[in-house]
Amino acid sequence: TQLLEQSPQFLSIQEGENLTVYCNSSSVFSSLQWYRQEPGEGPVLLVTVVTGGEVKKLKRLTFQFGDARKDSSLHITAAQPGDTGLYLCAGDSNYQLIWGAGTKLIIKP
Amino acid sequence: DTGVSQNPRHKITKRGQNVTFRCDPISEHNRLYWYRQTLGQGPEFLTYFQNEAQLEKSRLLSDRFSAERPKGSFSTLEIQRTEQGDSAMYLCASSLAYTEGTSYEQYFGPGTRLTVT
Numbered sequence: 007t008q009l010l011e012q013s014p015q016f017l018s019i020q021e022g023e024n025l026t027v028y029c030n031s032s033s034v035f036s037s038l039q040w041y042r043q044e045p046g047e048g049p050v051l052l053v054t055v056v057t058g059g060e061v062k063k064l065k066r067l068t069f070q071f072g073d074a075r076k077d078s079s080l081h082i083t084a085a086q087p088g089d090t091g092l093y094l095c096a097g098d099s100n101y102q103l104i105w106g107a108g109t110k111l112i113i114k115p
Numbered sequence: 469d470t471g472v473s474q475n476p477r478h479k480i481t482k483r484g485q486n487v488t489f490r491c492d493p494i495s496e497h498n499r500l501y502w503y504r505q506t507l508g509q510g511p512e513f514l515t516y517f518q519n520e521a522q523l524e525k526s527r528l529l530s531d532r533f534s535a536e537r538p539k540g541s542f543s544t545l546e547i548q549r550t551e552q553g554d555s556a557m558y559l560c561a562s563s564l565a566y567t568e569g570t571s572y573e574q575y576f577g578p579g580t581r582l583t584v585t
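Those protein sequences? They're chains U and D, same order as listed.
In this text, residue positions in the first sequence follow the numbering used here: the first is 7, and each later residue adds one.
In this text, residue positions in the second sequence follow the numbering used here: the first is 469, and each later residue adds one.
What the hints contain is simulated information worked out from the structure, not anything from laboratory work.
Where hints are given, some of them may not hold.
As the list claims (entries may be wrong) - Have a look at the derived ranges for each label pair, beta carbon to beta carbon: (1) D:K539 / U:S36: 23 to 33 Å; (2) U:E23 / D:G484: 24 to 34 Å; (3) U:G46 / D:N519: 27 to 37 Å; (4) U:P115 / D:T481: 31 to 41 Å.
Claimed, not checked - Straight-line alpha carbon distances no greater than 25 Å define the calculated SDA-like cross-link-like pairs of lysine to any residue that follow: (5) U:K65 / D:E573; (6) D:K525 / U:S37; (7) U:K62 / U:L9; (8) D:K539 / D:T583; (9) D:K479 / U:K65; (10) U:K76 / D:Q485; (11) U:K62 / U:N24; (12) U:K76 / D:A556; (13) U:K76 / D:E573; (14) U:K76 / D:K479; (15) D:K539 / D:H497; (16) U:K63 / D:K539; (17) U:K110 / D:Y575; (18) D:K479 / D:S555; (19) D:K479 / D:D531; (20) U:K114 / U:G22; (21) U:K110 / D:T583; (22) U:K110 / D:H497.
Quantities reported herein were computed from a predicted structural model and do not represent experimental measurements.
All C-beta atoms in this analysis are idealised placements derived from N, C-alpha and C, irrespective of residue type, glycine included.
Model the full assembly from the supplied sequences, consistent with the hints where possible.
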């Protein structure tokens, strides 16, 4: 059974701090996607990483795919209250996505 | 195209009643997925369609659940004889798949929140 473990499950920090969220698996994925979800809404795709070692940047967000394509990280620099939300990683496994349980992030002003 | 839409956004029903949800995917997308999500968890895969063909169903999808995509466009998810354990957010997603073996990037609708009383 393929599993994706996200850590931490919950993170509450002050505005301006940096943070990193991790997504780990023992399985290899052809690609991995990061989503952000707000309460009562569907997940919104942030980025897809495909190549081992790939790094993608989206403003203050930096996404990295592990060399072996089994893990990924999301780093946020100078977090803002608008970054608050549930961050989900999902690994591409044939016809479906394998989902992590999410990291609930709260940025306090 | 404004993205994936789902109706209704909220549904409250009494246990034992039937409910039907609708999903309209992004128009050029050939794949459509249904997920269920409970509080504090990631989405759980229920089923998916490639055009009008339903290609996979999760074990989570009991006999009370049925999904259709009759013309390869919109899809409906019906739950018969609802139970309190069916209370969850039901999410629909679509993607454009060129070949087998990948789910590609999925774009989600806002979800339908079901509450069974």
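Tested hints:
no.	hint	verdict
1	D:K539 / U:S36: 23 to 33 Å	holds, 30 Å
2	U:E23 / D:G484: 24 to 34 Å	violated, 50 Å
3	U:G46 / D:N519: 27 to 37 Å	holds, 30 Å
4	U:P115 / D:T481: 31 to 41 Å	holds, 39 Å
5	U:K65 / D:E573	holds, 20 Å
6	D:K525 / U:S37	holds, 22 Å
7	U:K62 / U:L9	holds, 23 Å
8	D:K539 / D:T583	violated, 29 Å
9	D:K479 / U:K65	violated, 37 Å
10	U:K76 / D:Q485	violated, 43 Å
11	U:K62 / U:N24	holds, 17 Å
12	U:K76 / D:A556	violated, 30 Å
13	U:K76 / D:E573	holds, 18 Å
14	U:K76 / D:K479	violated, 38 Å
15	D:K539 / D:H497	holds, 13 Å
16	U:K63 / D:K539	violated, 39 Å
17	U:K110 / D:Y575	holds, 21 Å
18	D:K479 / D:S555	holds, 10 Å
19	D:K479 / D:D531	holds, 21 Å
20	U:K114 / U:G22	holds, 9 Å
21	U:K110 / D:T583	holds, 23 Å
22	U:K110 / D:H497	violated, 30 Å
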